[in-house]
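J.: Please put together the full structure from these sequences, using the hints given.
Protein chains: 2
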Amino acid sequence: MENVDVVIRGGVVLPMKGRGAIDDGLVAIKKDVIVYVGKASKSPRFIAEKVIEGKGKAILPGLVNCHTHVSMTLFRGLAEDQPLLRWLRETIWPLEAKLKPEDIYVGALLGCLEMLKTGTTCFADMYFREDMVAKAVQELGLRATLAPGIIESQNAAQTEKMLEESIIAAKKLHATAQGRIRFQLGPHAVYSCSPELLKRIHKAALRLRVGLHIHLAESEDLARQVKEKYGVTEIPLLKKIGFLGPSVLAAHCIHVSKQEIKTLAKHQVKVAYNPVANMKLAQGMPSIVDLLEAGVSVGIGTDGPASNNSLDMFQTVKTASLLQKIRYRDSTVLPAHQALEMATRDGAKVLGIENIVGTLELGKKADLIIIDLKKPHLLPVHDIYANLVYSATGSDVDTVMVNGKILMENRQVTVTDEEKILEKAQKTAQNLLVH
Amino acid sequence: MENVDVVIRGGVVLPMKGRGAIDDGLVAIKKDVIVYVGKASKSPRFIAEKVIEGKGKAILPGLVNCHTHVSMTLFRGLAEDQPLLRWLRETIWPLEAKLKPEDIYVGALLGCLEMLKTGTTCFADMYFREDMVAKAVQELGLRATLAPGIIESQNAAQTEKMLEESIIAAKKLHATAQGRIRFQLGPHAVYSCSPELLKRIHKAALRLRVGLHIHLAESEDLARQVKEKYGVTEIPLLKKIGFLGPSVLAAHCIHVSKQEIKTLAKHQVKVAYNPVANMKLAQGMPSIVDLLEAGVSVGIGTDGPASNNSLDMFQTVKTASLLQKIRYRDSTVLPAHQALEMATRDGAKVLGIENIVGTLELGKKADLIIIDLKKPHLLPVHDIYANLVYSATGSDVDTVMVNGKILMENRQVTVTDEEKILEKAQKTAQNLLVH
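As you go down the protein sequences, you meet chains Z and A in turn. Numbering-wise, the first sequence is residues 1 to 435 according to my numbering. Numbering-wise, the second sequence is residues 1 to 435 according to my numbering.
Take every hint as true, because none was put in to throw you off.
If chains are identical, the list can't say which one is meant, so a pair holds when it fits in one copy or spans any two.
Straight-line C-alpha distance at most 30 angstroms; calculated DSS-like pairs for lysine-lysine: (1) Lys98 / Lys374; (2) Lys424 / Lys374; (3) Lys172 / Lys349; (4) Lys100 / Lys374; (5) Lys405 / Lys374.
It is worth saying that the hints were derived from the structure and are not from the lab.
T.: Okay, here's the thing in structure tokens:
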């Protein structure tokens, strides 16, 4: 007999290490840690503070969203269906210039609420004032890796300030909130930061022992500008200045040559694949199958809610598989199980926290979600992985736990007043347009 | 003062004729017909049997799913991520050979329930024993255009029987269930029916005054076989035998030349675009923008639930837009409003019932859905069309009405026992695999 805090029993448990599924499974959680995963019939006897009935449900690791700009929820639906650069220059950048820290906080609250309600337990964010995003993460109980975005300004003092503030935020907030919040530095992209600045940020990250999060090879046009300016494309340039390494998270990597894929693999760069945003902004179809074959770790991201326009990882994981099938004209690539692995285990690896979360295993932190399978679109259950990837959406998520704490149960968010966040976000978004 | 049956008041009404949205709108329904659509403040005074509060909600026409095989819900998740022909030959066709009429009915019940719960009010189906699908449609209250599928058998008597049974079903069931059920004839494809058979089916359809539903230019491999056998590709062949015309619904049309697009336009052939299935089966990216520019009417379909694996039109409409953007490498094509128009007004046109449904207009049948907008992923509302297409899913549908009858209210299905259907479907699907 062992005292634990929570027992979830009777459901199909998908630990996401290998293809296995445990029918009539049991997961036991003590404080923030998983202390049992296996058959209910073979489990020791637990005395639990709380028992969750899992029958007719699937229990799996929470999804990991490897690239987003969560506060951009405020811009969702603004200037839709436009070319990337026009959208940025005419709508997004002018609005971002007006954003107050409080706005970033409110946008992050809304985005975190959406992620929580759709089964994402951990996300990687890049944006201004990540301290405000951290505040929202702290409040809602999610796990996050936050990268204050750094863009080189024509005003050198402004650039210095951005870098300095990023370093201060990382120093102050990395590994806080019971370890739920981690920081990276976020040089925006090769086309928006000079090699000198990139080198300085890289050094600062080494000193702080934090990772790096950068946009890479997303836009063909911008990559061409880089080539014209520096004589080489983005990846060789980063290689040359010593930027590449295992703690670099590179978002997109759409336009990469075979040689560049080898470079990414050799330096163990991690990639965030953002299928919906790549399609919506018409940037191209990344060669994820080639990246995986070369041994690159790839996670999945929604990208910002203004270029998706959803933070629902379930839908994004489906599109992740579909886009590779059509890219390679081969219906067998990126099958359901692998796609779900990319959204859980591999996502954690991409963020460098695979020893903490990403699978349901003894000793890992209890970040998990419970899906209600008793829905017309989730029956019959011939293949649980196919049903979760191709048929489920985030709204099928019933219960969410992060670090052993229940954040949502039976779709009721337990950690915040949902209505208040919705009202505040609506007001903040309206004000941005008026003033 | 006018007596009506239902008034929906206070929401944002999207009639889907033009880009307009009516804030604080009102829709009044008398029997099965819309008798008012407009501003609540300008409406006559209605005395209604039932008043639905629409505040914070969007009211729009029910979605029209232009191509599916609804009973294939039973096969959802079977033999996933396989090449098309292997999937058909090794899994689907052997199982279909074992299907009993009762199985087709149960599969259709499950599929209709899923569509109802995700806001589809009308669908076009092609399958065996459409009389059993009709039974499910009749029970659940949806609207449907059903095409008994005809495949040429090596056994001529078998082919005759199939054709005859199709004609009998169409005669008996076309324009039944208060006009909700319509029939077409469904020659499966050019590669699976000889020109002689196609001609006979075409003649029979003319005689019965029903339309035709056919798979067209889906698979490059199969199209090549047609070309080898007959010396021309599918579309010129159909043209030659006089098959093409305004009541032909052609599903897919992926591999079409410029000349063939002209032919489709000239003969006013209607096209069903199935973006998710096209990606999942890796068949190709249809040139929908070119088809539209040529003046072809295009609706959107989910395709069968075993090749999607969802009947949620909201997700399919999003993918419809995304796939065109990446196909043309242009983020401005198939914008949200147009995609939603394709899923409502144009869908009705493709099924030849645009005078009955597809928009919210005076005198049209009351087929409508109500979406709850008070959700984290649907805020803020900068652009209601973008939110519905890029952010909403079928589970945001609150209330569904077909022919003036409420089929679901606040997500409670009012016309059937949902639990029973789920149980029956699960059992039927399991039995198929065992015996």
